Amino acid sequence: MHLGMLLDMAADGMADRVALGPQADGLTFAEMASRARRLGAALARRPGERVGLIDLNSVAVPLTLFGSAIAGKPFVPINYRLADPALRAIVARTAPATIIVGDGVAERVGPIDGIEYLTRTQALALAEDPAGERADGWTGDADDIAVLLFTSGTTGEPKAAVLRHSNLAEYIISTVEYAGSAADEAAIVSVPPYHIAGISAVLSSTYSGRRVVQLEAFEPRAWVDIVRAESITHAMVVPTMLGRILDVIEADGGGLPSLRSLSYGGGPMPLPVIERAVAALPEVGFVNAYGLTETSSTIAVLGPDDHQVAFASNEPAARARLASVGRPLPSLEVSIRDPAGEQVATGERGEIWVRGGQVSGEYLGRGTSLNADGWFPTRDEGHLDAEGFLFVHGRLDDVIVRGGENLSPGEIEAALLEHPAVLEAAVVGIPDKEWGEGVVAAVVTSDAVTEEELRAHVRTRLRSSRTPDRIQFRAELPFNESGKLLRRVLRAELTDAFA
Amino acid sequence: MGVETKSGARFRSAVDQTEIIVVRPASGAIDLRCGGHPVVAIGAEVPGDLTLDPAFAGGTPLGKRFADADSGLELLCTKGGEGALSIGETPLPLKDAKPLPSSD
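Respectively, the protein sequence lines represent chains A and B.
Everything in the first sequence is counted per this note's numbering, starting at 1 for the first residue and increasing by one.
Everything in the second sequence is counted per this note's numbering, starting at 1 for the first residue and increasing by one.
In short, the hints are calculated from the structure, not lab data.
No experiment lies behind these values; they were computed from the predicted model shown.
Quick reminder that beta carbons are idealized off the backbone N, C-alpha and C, glycines included.
Calculated from the model, a selection of chain A residues having no Cβ within reach of chain B, i.e. all distances over 10 Å:
{"id": "1", "residue": "24"}
{"id": "2", "residue": "56"}
{"id": "3", "residue": "119"}
{"id": "4", "residue": "132"}
{"id": "5", "residue": "243"}
{"id": "6", "residue": "275"}
{"id": "7", "residue": "341"}
{"id": "8", "residue": "350"}
{"id": "9", "residue": "377"}
{"id": "10", "residue": "456"}
{"id": "11", "residue": "469"}
{"id": "12", "residue": "480"}
{"id": "13", "residue": "493"}
Quick list of the computed label-pair ranges, beta carbon to beta carbon:
{"id": "14", "chain 1": "A", "residue 1": "372", "chain 2": "B", "residue 2": "44", "range": "31 to 41 Å"}
{"id": "15", "chain 1": "B", "residue 1": "24", "chain 2": "A", "residue 2": "453", "range": "50 to 60 Å"}
{"id": "16", "chain 1": "A", "residue 1": "338", "chain 2": "B", "residue 2": "27", "range": "30 to 40 Å"}
{"id": "17", "chain 1": "A", "residue 1": "271", "chain 2": "B", "residue 2": "28", "range": "49 to 59 Å"}
{"id": "18", "chain 1": "A", "residue 1": "372", "chain 2": "B", "residue 2": "29", "range": "19 to 29 Å"}
{"id": "19", "chain 1": "B", "residue 1": "6", "chain 2": "A", "residue 2": "365", "range": "20 to 30 Å"}
{"id": "20", "chain 1": "B", "residue 1": "58", "chain 2": "A", "residue 2": "258", "range": "37 to 47 Å"}
With the rest of the complex left out, here is chain B (with noise of 0.2 Å):
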């Protein structure tokens, strides 16, 4: 169970305004939630019966790098929302990043 990520791929939460892009893809096929519930294609519908889980309901900033180490993934959030990110249960990070120096 879960979705193909593929590099430019485009979700959303299914339970708020969260949207994300994928920036790396994961290694293989994977459980990618936003909010307690399984992210959907932008484009495809969206099951309107389901809520935001309590428990994913940290929120997801907009600009905001996220990525998952055993799996490769990497997401960008294009829109932000009140649902938090999350791999099966397990809350997705944030990306570490060094600012660099601006150069342009």
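So that you can see chain A by itself, here it is in the shape it has in the complex (with noise of 0.2 Å):
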């Protein structure tokens, strides 16, 4: 299926609905729909083979990419916070393209070949005009890219990940029950568009009918405004934004009245976290959702039913549910494997692989990493338990080799986050004569503790192989915008102090 036809769809279905801003004056479905059609129309006139999009949130981002679908090419939302050498790499790797820009980023880029660029206002104005042409129907198939997402590239040079049409219309329509919003129902997007929860954000409101609030740009006191102001029901955030909600809305006592449903996910989520949400925020249901950009988002959910079942009970494997991401989609396969790729017996580790029709695994200029089968293979480390839920403990690749015995820094850093003063964890390998690498964190701490002390909180809950040799206490960890630890960055900054 073609992303023009869930659009389509939306539009006649729900046409009088309000689908973006308020709800007093805000864009309708059937509104929404045009304004693609006419952007649409404009893009596919427009030079170049893609449609890229450097900005912040606006109506603009939806626009862009149900335009670019009717346009039949390819959508790209880059990281307006990269730095400009590493943006002109990629924007450059964009090209032949049209480039959508907020203000200033054509200028801080500057010209490229094959790259032409029109501003979000030039854009928007394209979209609004009353006698534009407006595309009928779309162009292509859904076996075509609909959207290209460059990885952070926290591990090494960005990959631009394929989803075609195909894969995410997979995911939506085995997720989302059309239309199936309730009137009332409105969610509050502050993900980027450059991440793939921004892009799936735009896909499942518009096929269930729910209404769409956009903050610009991720901050705590805007984000609690607009939840008061706009009687937002649904939200999703990435870890680093919860404990900064919270710091708000404990401060000011007003809670989040209309909230119904928080879903969190794009990194694991340290537990003491979400006790703490829960305790704030009792009349919410927490959703805590795993997913990768090559996964068209989310591939196992923990849902609200979940959260309380694993808060209410006493048995240690029912409780330990809360640190899992639920269980896999029933439209999809998840698999736990060796280093062979032969499957694990229940409870073991390995690597999580996954197959189904929203799995891409694939990456432009470098094919599919998908097995004859159709198997992916994440590079994230997990279990399932005995009862199906699946456990994330990281990325492989940051799997520490210590003296030949693998070591998950998940474990470690989860450990040391139990500890009350320690409000942020991340453990790393460093190079160590003696043992291959050594374990050594780093922590943001509330209270006064020493290393001594978190050494042996974690040597009384791991052993001693699994207590870092040295811990630094910083004022804050390198993270991206998008909450994902810059471990590779962390891990110099660690080798230059302890190695």
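Given two chains presented individually in distinct reference frames, assemble the corresponding complex, making use of the accompanying hints.
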């Protein structure tokens, strides 16, 4: 199925519902579709084989996503926060393309062969021009590329993940009920447009008929204000956002009375933060979602009922599921495999593999990473428990090999985070003459605590080989803006400090 | 007799506005009908002399999914209409889907 059809269905069946903006005067689905069709016709005529976007969240994001689909050109949202040389390199790789840009971006990047810039204002004017031609239907088919997303490149040169119309549409129709949202539902979108969650938010909301209110870029005070003012019922946050939101509502005591569902994902969420959130927002249903760019977003969910059961249970296995990502979606398969690609026994750790229509596993210019049977190795380490709950332990590439023993940073980080004074923790391996790699940690703390106290705390929970040799106390950890820890940066800094 | 269904293939009713897309193909050729008459591939010519069979006039609502357990066929209605879907004369049931918690 083509994304153009998904938009047509929303416009046909939910024409007068508000799609974007305030309930009183936002754009309806019919208006959104009409503007996307005008922008689509304009984008089809413009030079370039792709349509880029380097901008904050605005109405232009969903219009360009659907407009590109209608024009039959891949949509390439690019991270506007990249430093100039990195941004210029990615823009050059996107050529030939028309790129829609926010204020000052074209000047920052400068002229590049095969790139034509269109400002957000110009793009919106094309979409709104009553005299503009409106595309009828769409160009291309379901096997064409809908979206190219550059990976964050925390471990190397960014790769462009290929998501075809069929991948994204399969994800949407198998996880979202068409027109299934109640008339009063509204979602706040604060993740950036170049994140897979930004793409899936547009598509899910459109298909379910849920109104979307956008925040240009995440800022906790503005986020809380919009949720209250716009009676937001649904939200999705990455781990670093949630703690900052809780700081705001705990300080002003106003709560989030309209909020019904808060989904979190995009990285491991520290258990203490979730416990704090559940205490602060007792009426909210929490959803933990696990997914990758290469899988068109979510592949496993821990729903509100799962959260409640785990919280209420005294049984350790049930309680532990709060740290899981729930069960795989019924529309796909997950298997845990050893390095030879053989499935391991239930409960054993291995690499998480996934198969299903939403799974792309393809990078531009590098071909597919699916095996002959269509399975995608995620490079994430995990295990499935006896009830089918999936636990994610982190990137396999981050595994520390100390004296022949494989150690998962995630497990050691979780142990550190259980200490009441630890707000953030990261564990990496650095070169070590005796062991090959040594375990070191960096922490952000709220109260006074010594390195030796923290080492003793970890040693009582895990065995001594997993206890960090050294711990650095810092004001902050290096995260990118999507809340992903920049391990490569941290490893270099800790190597300088300790090796 | 019947049509080959391929994932992503689109069909329309010969007697009303209904349009469908194949989500999962059937294991073989299948006698897929809407409003009592065989469906037509989108883009192909629609026979002009047919009328809606009142026995198959229960309607096909936009956005609903239909599944046939025997053949594995699964369809999504992309344009609603008055005709009802059937395989031969057997009505095609709505897919019973448990809603997932919203994660986006």
